[in-house]
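Sequential numbering from 1 applies to the sequence shown in my numbering.
Hints in this document: simulated from the structure, not taken from any laboratory. Computed from a predicted model, the values in this text were never measured in an experiment. Worth double-checking, as some hints may not be accurate.
[To be verified] The calculated label-pair distances, taken between Cβ atoms and stated as ranges, are:
hint, residue 1, residue 2, range
1, Ala240, Leu128, 21 to 29 Å
2, Pro127, Ala187, 45 to 53 Å
3, Ala140, Pro188, 41 to 49 Å
4, Ala187, Gly38, 31 to 39 Å
5, Ala122, Pro244, 33 to 41 Å
6, Ala79, Pro129, 40 to 48 Å
7, Pro17, Pro69, 31 to 39 Å
8, Thr185, Ala97, 32 to 40 Å
9, Asp229, Asp92, 43 to 51 Å
10, Gly133, Thr248, 21 to 29 Å
Ideal Cβ placement from N, Cα and C applies to all residues, glycine included.
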Amino acid sequence: MDIRALGYLRIETTDLPAWRTFVLDVLGMAEARGGTDGLLNVRIDDRAHRFQFTAGNHDRLLAAGFELPGARALAEAAAELEAAGFPAKPADTATLADRRVQGLVHTEDPSGNPLELYWGQAQDHTPLPARYGNRFVTAAAGQDLGLGHVVLPAPDTDATLDFYENLLGFQLRDSMKLPPAAVPTAAPGPDFHRMHFLSPNRRHHSLGLYPGALPPGIVHFMVELERLDDVGYCLDRMNAAGIPIASTLGRHSNDHMVSFYAQAPGGFQVEYGWDGLLVDPAAWTAKEITADSFWGHQWNG
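Please take these sequences and the hints and turn them into a complete structure.
This is the structure:
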(Lines of atoms letter the chains of each structure in order from A and count residues from 1; the text may use other names and numbers.)
(Lines give C-alpha, C1' and ligand atoms only; values in the text may rest on other atoms or scores of the structure.)
Protein backbone atom coordinates (compact mmCIF):
# COMPACT_ATOMS: atom_id res chain seq x y z
CA MET A 1 0.00 0.00 0.00
CA ASP A 2 1.08 3.52 -0.63
CA ILE A 3 0.19 5.17 2.66
CA ARG A 4 2.00 8.47 3.07
CA ALA A 5 1.22 9.86 6.53
CA LEU A 6 -0.96 10.00 9.61
CA GLY A 7 -3.35 12.67 8.40
CA TYR A 8 -5.87 13.28 11.16
CA LEU A 9 -7.39 11.99 14.39
CA ARG A 10 -11.07 11.91 15.32
CA ILE A 11 -11.90 11.83 19.02
CA GLU A 12 -15.20 11.52 20.87
CA THR A 13 -15.39 13.42 24.16
CA THR A 14 -17.77 13.80 27.06
CA ASP A 15 -16.39 17.30 27.71
CA LEU A 16 -16.03 19.26 24.49
CA PRO A 17 -15.53 22.63 26.27
CA ALA A 18 -12.51 21.18 28.11
CA TRP A 19 -10.96 20.03 24.84
CA ARG A 20 -11.64 23.43 23.29
CA THR A 21 -9.70 25.12 26.08
CA PHE A 22 -6.96 22.49 26.02
CA VAL A 23 -6.19 22.54 22.29
CA LEU A 24 -6.80 26.23 21.57
CA ASP A 25 -5.70 28.03 24.73
CA VAL A 26 -2.98 25.66 25.96
CA LEU A 27 -1.63 23.69 22.97
CA GLY A 28 -1.84 26.75 20.74
CA MET A 29 -3.78 25.15 17.88
CA ALA A 30 -6.38 26.97 15.79
CA GLU A 31 -10.09 26.40 15.35
CA ALA A 32 -10.95 25.31 11.82
CA ARG A 33 -14.06 25.91 9.76
CA GLY A 34 -17.11 23.66 9.87
CA GLY A 35 -17.49 23.34 13.63
CA THR A 36 -20.82 23.22 15.46
CA ASP A 37 -21.94 23.16 19.09
CA GLY A 38 -21.08 19.46 19.10
CA LEU A 39 -18.03 19.44 16.82
CA LEU A 40 -14.66 21.15 17.08
CA ASN A 41 -12.40 21.06 14.02
CA VAL A 42 -8.77 21.98 14.66
CA ARG A 43 -5.97 23.17 12.36
CA ILE A 44 -2.22 23.07 12.88
CA ASP A 45 -1.18 23.74 9.26
CA ASP A 46 -2.75 24.33 5.84
CA ARG A 47 -5.02 21.27 5.96
CA ALA A 48 -8.73 21.83 6.49
CA HIS A 49 -8.29 20.12 9.84
CA ARG A 50 -5.97 17.66 11.56
CA PHE A 51 -8.20 16.95 14.57
CA GLN A 52 -11.94 16.55 15.06
CA PHE A 53 -13.44 16.48 18.56
CA THR A 54 -17.04 15.28 18.67
CA ALA A 55 -19.33 15.56 21.69
CA GLY A 56 -20.66 12.18 22.79
CA ASN A 57 -21.20 9.73 25.60
CA HIS A 58 -17.67 8.31 25.66
CA ASP A 59 -14.05 9.43 25.73
CA ARG A 60 -12.45 7.44 22.92
CA LEU A 61 -10.67 7.45 19.62
CA LEU A 62 -13.16 7.37 16.77
CA ALA A 63 -10.58 6.96 14.00
CA ALA A 64 -7.00 7.45 12.96
CA GLY A 65 -6.93 8.75 9.39
CA PHE A 66 -4.06 7.69 7.12
CA GLU A 67 -3.47 9.47 3.83
CA LEU A 68 -2.84 7.97 0.39
CA PRO A 69 -1.80 9.89 -2.73
CA GLY A 70 -4.88 9.40 -4.91
CA ALA A 71 -7.97 7.47 -5.95
CA ARG A 72 -6.09 4.58 -7.56
CA ALA A 73 -3.94 4.09 -4.46
CA LEU A 74 -7.05 4.03 -2.27
CA ALA A 75 -8.82 1.54 -4.54
CA GLU A 76 -5.76 -0.72 -4.52
CA ALA A 77 -5.52 -0.44 -0.74
CA ALA A 78 -9.18 -1.37 -0.31
CA ALA A 79 -8.73 -4.40 -2.56
CA GLU A 80 -5.66 -5.52 -0.59
CA LEU A 81 -7.52 -5.15 2.70
CA GLU A 82 -10.46 -7.19 1.45
CA ALA A 83 -8.18 -9.90 0.04
CA ALA A 84 -6.46 -10.16 3.42
CA GLY A 85 -9.79 -10.52 5.24
CA PHE A 86 -10.18 -6.95 6.52
CA PRO A 87 -13.44 -5.33 5.35
CA ALA A 88 -12.95 -1.93 3.69
CA LYS A 89 -16.25 -0.02 3.74
CA PRO A 90 -16.51 2.98 1.39
CA ALA A 91 -17.58 6.21 3.05
CA ASP A 92 -20.91 7.82 2.23
CA THR A 93 -21.29 11.34 0.87
CA ALA A 94 -21.92 12.89 4.27
CA THR A 95 -18.74 11.37 5.67
CA LEU A 96 -16.66 12.63 2.75
CA ALA A 97 -18.03 16.12 3.30
CA ASP A 98 -17.37 15.97 7.03
CA ARG A 99 -13.75 14.80 6.60
CA ARG A 100 -13.22 17.22 3.66
CA VAL A 101 -11.77 14.39 1.53
CA GLN A 102 -12.47 13.00 -1.95
CA GLY A 103 -12.32 9.31 -1.12
CA LEU A 104 -12.30 7.23 2.07
CA VAL A 105 -12.71 3.67 3.33
CA HIS A 106 -13.30 2.49 6.90
CA THR A 107 -11.46 -0.52 8.32
CA GLU A 108 -10.02 -1.90 11.57
CA ASP A 109 -6.67 -3.38 12.52
CA PRO A 110 -6.48 -6.79 14.26
CA SER A 111 -6.71 -5.15 17.69
CA GLY A 112 -9.94 -3.40 16.71
CA ASN A 113 -8.52 0.10 16.29
CA PRO A 114 -10.74 2.09 13.87
CA LEU A 115 -8.93 3.41 10.79
CA GLU A 116 -9.89 5.64 7.89
CA LEU A 117 -7.80 5.47 4.73
CA TYR A 118 -8.40 8.48 2.50
CA TRP A 119 -7.11 10.75 -0.24
CA GLY A 120 -7.66 14.32 -1.39
CA GLN A 121 -8.13 16.31 1.81
CA ALA A 122 -9.01 19.96 1.30
CA GLN A 123 -6.59 22.72 2.18
CA ASP A 124 -7.29 25.98 3.98
CA HIS A 125 -5.28 28.71 2.26
CA THR A 126 -5.94 31.37 4.89
CA PRO A 127 -3.09 32.18 7.30
CA LEU A 128 -2.98 29.96 10.34
CA PRO A 129 -3.82 32.09 13.38
CA ALA A 130 -0.97 31.11 15.70
CA ARG A 131 -2.00 32.61 19.02
CA TYR A 132 1.43 32.28 20.60
CA GLY A 133 3.53 32.44 17.43
CA ASN A 134 4.10 28.68 17.59
CA ARG A 135 4.37 26.58 14.43
CA PHE A 136 3.83 22.83 14.13
CA VAL A 137 6.07 20.50 12.10
CA THR A 138 3.97 18.54 9.58
CA ALA A 139 6.32 18.49 6.56
CA ALA A 140 10.03 18.46 5.72
CA ALA A 141 11.84 18.93 2.39
CA GLY A 142 8.52 18.94 0.54
CA GLN A 143 7.32 15.64 2.04
CA ASP A 144 4.23 15.49 4.23
CA LEU A 145 5.12 14.00 7.60
CA GLY A 146 1.58 14.04 8.94
CA LEU A 147 0.24 15.59 12.12
CA GLY A 148 2.78 13.82 14.35
CA HIS A 149 2.28 10.36 15.80
CA VAL A 150 -0.30 8.31 17.64
CA VAL A 151 0.18 5.36 19.99
CA LEU A 152 -2.61 2.80 19.82
CA PRO A 153 -3.40 -0.14 22.10
CA ALA A 154 -2.54 -3.45 20.44
CA PRO A 155 -3.28 -6.37 22.76
CA ASP A 156 -3.07 -8.67 19.73
CA THR A 157 0.44 -7.37 19.20
CA ASP A 158 1.92 -9.84 16.71
CA ALA A 159 -1.07 -9.76 14.35
CA THR A 160 -1.33 -5.97 14.61
CA LEU A 161 2.37 -5.49 13.87
CA ASP A 162 2.04 -7.80 10.86
CA PHE A 163 -0.97 -5.80 9.65
CA TYR A 164 0.84 -2.46 9.65
CA GLU A 165 4.22 -3.73 8.52
CA ASN A 166 3.32 -6.30 5.88
CA LEU A 167 -0.12 -5.18 4.68
CA LEU A 168 -0.18 -1.40 5.11
CA GLY A 169 3.52 -1.11 4.26
CA PHE A 170 4.81 0.75 7.31
CA GLN A 171 8.49 0.35 8.15
CA LEU A 172 9.37 -0.98 11.58
CA ARG A 173 11.84 1.48 13.09
CA ASP A 174 12.45 -0.03 16.51
CA SER A 175 10.98 -2.00 19.40
CA MET A 176 11.30 -1.94 23.17
CA LYS A 177 10.76 -4.61 25.82
CA LEU A 178 8.29 -3.68 28.55
CA PRO A 179 8.01 -5.59 31.84
CA PRO A 180 4.59 -7.06 32.73
CA ALA A 181 4.09 -4.31 35.34
CA ALA A 182 4.18 -1.70 32.54
CA VAL A 183 1.42 -3.50 30.62
CA PRO A 184 -1.15 -4.51 33.26
CA THR A 185 -3.85 -5.17 30.64
CA ALA A 186 -1.73 -7.58 28.57
CA ALA A 187 -2.26 -11.32 28.62
CA PRO A 188 -0.41 -12.87 31.59
CA GLY A 189 2.51 -15.19 31.09
CA PRO A 190 5.42 -13.66 29.15
CA ASP A 191 8.44 -12.23 30.94
CA PHE A 192 8.12 -9.11 28.80
CA HIS A 193 5.98 -7.50 26.09
CA ARG A 194 7.23 -5.57 23.08
CA MET A 195 6.18 -2.08 22.08
CA HIS A 196 6.76 -1.26 18.41
CA PHE A 197 7.31 2.00 16.51
CA LEU A 198 6.59 2.31 12.78
CA SER A 199 6.20 4.89 10.02
CA PRO A 200 5.32 5.18 6.33
CA ASN A 201 7.54 8.26 5.88
CA ARG A 202 10.71 9.93 7.13
CA ARG A 203 9.33 10.75 10.57
CA HIS A 204 10.94 8.24 12.93
CA HIS A 205 7.53 6.97 13.92
CA SER A 206 4.01 7.93 13.01
CA LEU A 207 2.55 5.00 14.93
CA GLY A 208 3.33 3.26 18.19
CA LEU A 209 1.77 -0.06 19.20
CA TYR A 210 1.31 -0.53 22.95
CA PRO A 211 0.93 -4.24 23.82
CA GLY A 212 -2.14 -3.91 26.01
CA ALA A 213 -5.72 -2.68 26.07
CA LEU A 214 -6.80 0.82 27.14
CA PRO A 215 -10.44 2.00 27.39
CA PRO A 216 -10.06 5.26 25.37
CA GLY A 217 -8.56 3.30 22.46
CA ILE A 218 -5.55 5.64 22.41
CA VAL A 219 -2.43 5.94 24.58
CA HIS A 220 -1.28 9.36 23.41
CA PHE A 221 -0.79 11.54 20.37
CA MET A 222 2.23 13.73 19.67
CA VAL A 223 2.57 17.07 17.93
CA GLU A 224 5.95 18.58 17.09
CA LEU A 225 6.94 22.24 17.28
CA GLU A 226 9.49 24.17 15.23
CA ARG A 227 11.20 25.72 18.28
CA LEU A 228 12.25 24.36 21.67
CA ASP A 229 11.04 27.58 23.27
CA ASP A 230 7.50 26.83 22.10
CA VAL A 231 7.62 23.56 24.05
CA GLY A 232 8.77 25.44 27.13
CA TYR A 233 6.11 28.12 26.77
CA CYS A 234 3.42 25.45 26.50
CA LEU A 235 4.77 23.70 29.58
CA ASP A 236 4.38 27.01 31.44
CA ARG A 237 0.80 27.31 30.18
CA MET A 238 0.08 23.75 31.35
CA ASN A 239 1.36 24.52 34.83
CA ALA A 240 -0.53 27.82 35.00
CA ALA A 241 -3.75 26.05 34.02
CA GLY A 242 -3.23 23.31 36.60
CA ILE A 243 -3.11 20.55 33.98
CA PRO A 244 -1.36 17.43 35.34
CA ILE A 245 2.05 16.75 33.78
CA ALA A 246 2.31 13.02 33.16
CA SER A 247 6.02 13.10 32.32
CA THR A 248 8.66 15.74 32.76
CA LEU A 249 10.71 17.17 29.93
CA GLY A 250 13.16 14.68 28.42
CA ARG A 251 14.78 13.42 25.20
CA HIS A 252 13.64 10.07 23.82
CA SER A 253 16.23 7.50 22.79
CA ASN A 254 14.49 6.37 19.61
CA ASP A 255 13.23 9.50 17.82
CA HIS A 256 15.41 11.94 19.84
CA MET A 257 12.35 14.08 20.52
CA VAL A 258 12.63 16.58 23.36
CA SER A 259 9.17 16.57 24.88
CA PHE A 260 6.88 16.38 27.85
CA TYR A 261 3.55 14.59 28.33
CA ALA A 262 0.36 16.09 29.76
CA GLN A 263 -2.95 14.54 30.77
CA ALA A 264 -5.64 15.35 28.22
CA PRO A 265 -9.36 15.68 29.00
CA GLY A 266 -10.13 12.26 27.51
CA GLY A 267 -8.20 10.09 29.95
CA PHE A 268 -5.10 9.73 27.78
CA GLN A 269 -2.02 11.86 27.16
CA VAL A 270 -0.64 14.40 24.70
CA GLU A 271 3.07 14.63 23.93
CA TYR A 272 4.37 18.09 22.97
CA GLY A 273 7.84 17.99 21.45
CA TRP A 274 10.68 19.38 19.33
CA ASP A 275 13.57 18.09 17.20
CA GLY A 276 12.20 14.71 16.17
CA LEU A 277 14.46 12.44 14.14
CA LEU A 278 13.97 12.16 10.37
CA VAL A 279 15.36 8.97 8.84
CA ASP A 280 16.28 7.64 5.40
CA PRO A 281 13.95 4.64 5.02
CA ALA A 282 16.23 3.03 2.42
CA ALA A 283 19.15 3.02 4.87
CA TRP A 284 17.30 2.34 8.13
CA THR A 285 17.87 -0.83 10.16
CA ALA A 286 15.31 -1.83 12.79
CA LYS A 287 16.69 -1.78 16.32
CA GLU A 288 15.76 -2.60 19.89
CA ILE A 289 16.00 0.30 22.30
CA THR A 290 16.73 -0.52 25.93
CA ALA A 291 15.73 2.77 27.56
CA ASP A 292 12.84 5.08 26.85
CA SER A 293 14.93 8.26 27.09
CA PHE A 294 18.48 9.55 27.20
CA TRP A 295 17.50 11.90 30.02
CA GLY A 296 14.38 13.22 31.72
CA HIS A 297 10.88 11.87 31.10
CA GLN A 298 10.26 11.14 34.75
CA TRP A 299 6.78 9.66 34.87
CA ASN A 300 4.36 10.86 37.53
CA GLY A 301 2.29 7.87 38.64
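Okay, the hints, checked on the actual structure:
no. : hint                         : result
1   : Ala240 to Leu128: 21 to 29 Å : 24 Å, holds
2   : Pro127 to Ala187: 45 to 53 Å : 50 Å, holds
3   : Ala140 to Pro188: 41 to 49 Å : 42 Å, holds
4   : Ala187 to Gly38: 31 to 39 Å  : 38 Å, holds
5   : Ala122 to Pro244: 33 to 41 Å : 36 Å, holds
6   : Ala79 to Pro129: 40 to 48 Å  : 41 Å, holds
7   : Pro17 to Pro69: 31 to 39 Å   : 37 Å, holds
8   : Thr185 to Ala97: 32 to 40 Å  : 37 Å, holds
9   : Asp229 to Asp92: 43 to 51 Å  : 44 Å, holds
10  : Gly133 to Thr248: 21 to 29 Å : 24 Å, holds
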